[in-house]
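Undergrad: Sequence order for the protein chains is A and B. Here our numbering = 1-based position in the first sequence + 214. Here our numbering = 1-based position in the second sequence + 6.
Rather than coming from a laboratory, the hints here were simulated on the basis of the structure. No experiment lies behind these values; they were computed from the predicted model shown. Where a beta carbon is used, it is the ideal one built from N, C-alpha and C, also for glycine. Treat the hints with care, since some could be wrong.
Derived pair list, reagent style EDC-like, types lysine to aspartate or glutamate, alpha-carbon separation capped at 20 Å [claimed, not checked]:
no., chain 1, residue 1, chain 2, residue 2
1, A, K219, A, E271
2, A, K219, B, E55
3, A, K236, B, E212
4, B, K123, B, D151
5, B, K161, A, D327
Just so you have them, the derived chain B footprint on chain A, three or more residues with Cβ under 8 Å [stated by the list, open to error]:
no., region
6, 221-229
7, 232-245
8, 275-287
9, 296-307
Stretches of chain B that chain A covers, calculated by requiring three or more beta carbons in the stretch to come under 8 Å of a beta carbon on chain A [unchecked claim]:
no., region
10, 53-59
11, 141-155
12, 223-230
As a plain string of letters, each chain reads:
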Amino acid sequence: MTSFKLKIVTPDGMIFDGEAEKLIVRTTGGDVAILARHIDYVAPLGMGEAVVVTGGERRTAACIGGMLSVSGGEATLIPTTFEWAETIDVDRAEASYRRADQILQDKDASETDIRLAQARLHRAMIRKSVASRK
Amino acid sequence: MAGVSTKEIKNRIRSMESTKQITKAMEMVAASKLRRAQAQVLRSRPYFEILSATIQTIACSDRSFSSPYLKEPPEGKTLYLVIAGDRGLAGGYNSNILKLAYGDMEGKNAEVLPIGKKAVDFFRGKDVPMVTQRYAEAASMGIGDCFSVAKQLSKSFLEGKYSRVFVAYTSFASLLSQVPRTMRLLPLEKRQEPDREKSRCDTIYEGSSEEVFAAIVPEYLGGVLYGALCESRAAEQAARRAAMDSATQNAEEMIADLSLKFNRARQAAITQEITEIVAGS
């Protein structure tokens with residue numbers, strides 16, 4: 215398969231910089247797959263699983279927030295957080311999930327707390343599901 | 007008496023030595039923290055650069071492009087985010103950035119969001135209203151906090167609560183020089199004139215370019231804020247290291263000085279004793 219240049223950059227550094235054959239990410243509008251020679255494209259990212267295929271090998275990751283841009287045949291993924299499935303700390307995700315769940319159960323929680331907890335719950339669920347499918 | 011004076015000098019030398027040990031230890035701690043902070047700055051830079059380049063490309067891709075984030079609202083309230091340290095003993099680090107930020111606010115209808123304990127303490131005694139005191143610990147502030155602040159900021163900006171948003175931080179120019187500066191976050195600045203040749207047909211946007219832009223701006227601000235925070239942290243450690251280094255050197259100088267005095271006093275006492283013995287025999 216033809217490959218294209220892919221860069222994955224998060225605030226914690228460059229995660230990936232090289233050739234890839236396929237990239238699947240969840241944008242706010244749904245899942246999209248990017249192949250070589252894609253038209254110039256910009257989309258904000260949602261929260262979900264990302265798949266990168268390089269050299270026939272398929273790697274999955276939890277990818278949350280940020281944006282995807284393709285320009286001149288090069289793809290740049292700029293997520294807020296991006297964790298390969300094998301590096302996800304399942305215990306931490308589990309703990310985060312339980313903490314968020316507790317806040318949601320709490321009737322006295324403020325509206326902002328609930329909103330934060332919902333987002334945290336969502337993130338933790340994605341981490342868990344990505345980690346369990348590696 | 008000569009005896010008392012040598013004892014006094016000895017005590018002073020001892021206390022200087024313990025001071026020197028403390029400053030030396032602090033210097034080494036700062037140096038190791040600095041290394042980590044510096045690596046963090048280098049790691050976060052590409053993210054920030056790519057994000058800002060993309061924002062610029064979208065903003066300039068089309069002449070008809072407009073976004074509330076780019077419009078200059080009439081004069082209103084100005085919000086300052088001031089990033090300082092949590093602890094003192096860092097040379098001029100805290101006072102420089104606070105002085106700059108406070109001077110910049112003068113004569114403006116300003117509010118402040120202090121980050122770091124020193125910033126909170128400083129603005130508590132001033133007449134500038136504080137938005138929140140939640141971020142009194144700059145060291146424990148993570149990327150998540152930056153994003154939630156950025157989200158809040160963009161919301162307040164769109165609601166018209168603030169007409170300008172600035173961030174005051176210390177940029178880490180090098181190990182020896184840290185420059186306090188303010189930077190405008192909102193409204194965003196267009197750096198180049200829109201390209202007439204290029205039309206928006208060149209790029210597909212998920213939704214419209216305006217929608218994408220509106221979704222990305224809070225992320226971008228979060229990234230900028232995080233970058234500024236990382237720079238400030240590195241600058242703080244560099245400033246502390248330099249301050250402690252010069253404190254250690256001063257201590258060494260004083261010890262050398264006092265040792266000389268001590269030896270002179272001791273010699274004087276011996277000479278006196280000999281003179282007394284010789285005179286008495």
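Undergrad: Against each hint, give a clear statement of whether it holds in the structure.
TA: We went through each hint and held it up to the structure:
1. A/K219 x A/E271: Holds. A/K219 to A/E271 sits at ~16 Å (cutoff 20 Å).
2. A/K219 x B/E55: holds (18 Å)
3. A/K236 x B/E212: Within the cut-off at roughly 19 Å; holds.
4. B/K123 x B/D151: holds (16 Å)
5. B/K161 x A/D327: holds (17 Å)
6. 221-229: holds (count 7)
7. 232-245: holds (count 3)
8. 275-287: holds (count 5)
9. 296-307: violated (count 0)
10. 53-59: Result for this restraint: holds, n = 4.
11. 141-155: holds (count 3)
12. 223-230: The restraint on the region 223-230 of chain B holds, since 3 of its residues have a Cβ under 8 Å from chain A and three suffice.
The structure fails to meet hint 9 from the earlier list, while all remaining hints are met.
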